[in-house]
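S.K.: For reference, the chains in residue letters:
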Amino acid sequence: SGSFQCASFGTESDARFVYCASCISYMLQDWRGVDRSLATQFLLSCQSYEGGFGQNTGREAHGGSTFCSVAALKLMGTFDEVMCEERRQRVLSWCLRRQETGFNGRPNKPKDTCYSFWVGSCLKLLGGQDFINKEGNFAFLMTTQVRHVVQVMILLPS
Amino acid sequence: LLYTIKFEGIMMYAESPEWSDIVPIPLPHNDKDPVVQIMYSDRFKDVYSYMAAIMEKKEYSHRALLLTNDAIECNTANYTVWHYRREILRHLKMDLKEEMEFSASVIEEQPKNYQVWHHRRCLIEMSGDHSLELELTAESLSQDNKNYHAWDHRQWVVQQYNVWDKELEYVDELLALDLRNNSAWNHRYFVIENSEGWSSETVARELEYAASFIRKAPNNESPWNYANGIIKKNKLRYSDFPKLKELCTSLYESHVPSNFVLSTLADIHIEAENKEAAMEIFEEMKEKDSIRVNYWTFRLQQLQGS
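Line order of the protein sequences matches chains B and A. Sequential numbering of the first sequence, starting at 1, is according to the working numbering. Sequential numbering of the second sequence, starting at 159, is according to the working numbering.
These are computed hints drawn from the structure, not numbers from a lab. Even glycine gets a Cβ: it sits at the ideal position worked out from N, Cα and C. Nothing false has been slipped in among the hints.
Here's a subset of chain B near chain A, in silico, CB distances under 10 angstroms, partners left out: (1) ALA7; (2) SER48; (3) LEU96; (4) ILE132.
Make a model of the complete structure from these sequences and hints.
M.R.: Here it is, written out as structure tokens:
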């Protein structure tokens, strides 16, 4: 199908592992373990009607899988060839809509710091980093930082 | 007796006469001097030292099955153990009914665990019995109506076994409870795509369906993504579906604050090659959707330059 599992004995398969396989192959500069053409077609089939990418064909577009798909296509070197302007605009605008102050991973879901990475990085890969409201994102991230020293007491059995 | 009985004190495998024939393989398994040493509990070390020994020995017995119960409890994400458990079930030729109950109970406790959902999928593939899955996923979704694993499983079942007939009704129910449930909207698209398909009648019907929800909450992204997505994914033209433009125009003229009204109108104008009208909207969006001011500025410049 073009997708990847994470172990040889059989596990679930989805975009996360296509990304992992792409990272490994890229680092090793050895693509013998990846059928890039098939993997590319699989990832394209994951772009939903929303413009973002789900973990599998037909699945809901999600910030994490959108990053995995875009990043994998870039690593495989097939992004420019298969992501026509229309597809690129659709994923770009879906990603931009994830931002409120921080980013959410799906429409009508709460924001989460991890999506500042997944969606933020994806936007950088798409060349859309200047469309991010950096102040809003930074302000949100700062609200999540624990700035006080936490005192912990451990009770040991006597 | 498939499941372990919990005593007040936990039975250590190292002290169990039933396991005296096994030489445990102590944790850590691979490295004498790990860089980052995980602080395993005594219980964890006990269970996994026996699990490692059993797997090394390739023992596929009833006691090994019970051991995997404990190993799964200690680390539900250990996919090697789950795989080994499936091998045991296969070797023992076990009836999978109790195993289905076991997987359902783990799903109930840890609904976001990847391995248990995959395990359940394997069980269904082994037995062919998918009769409980719509109810299982509905139950899971009643507790978290956007659980990605539950939706994934439901979509797999529905597509693999061709059981589409209840799905649109299910979406209706979920949207009645929460019209902002984006997962339900996605499911609707998936169901129609794979069952009746996007005939022009279906497109018109579904655009009206989206419109009915847009009227209830014009700033809800989900039905807008749905409507615009149908048009774009099927390479249709807004001009063939004038009711959508009418909806946008009427909402716009009523000054309903919705960036989706604006952006959809802009796309409609661009398709109609009405550059001036689209540019006016992008100008307005720079203020109304100020988080994305740089993007609307870019869209405006794109049109100015073209």
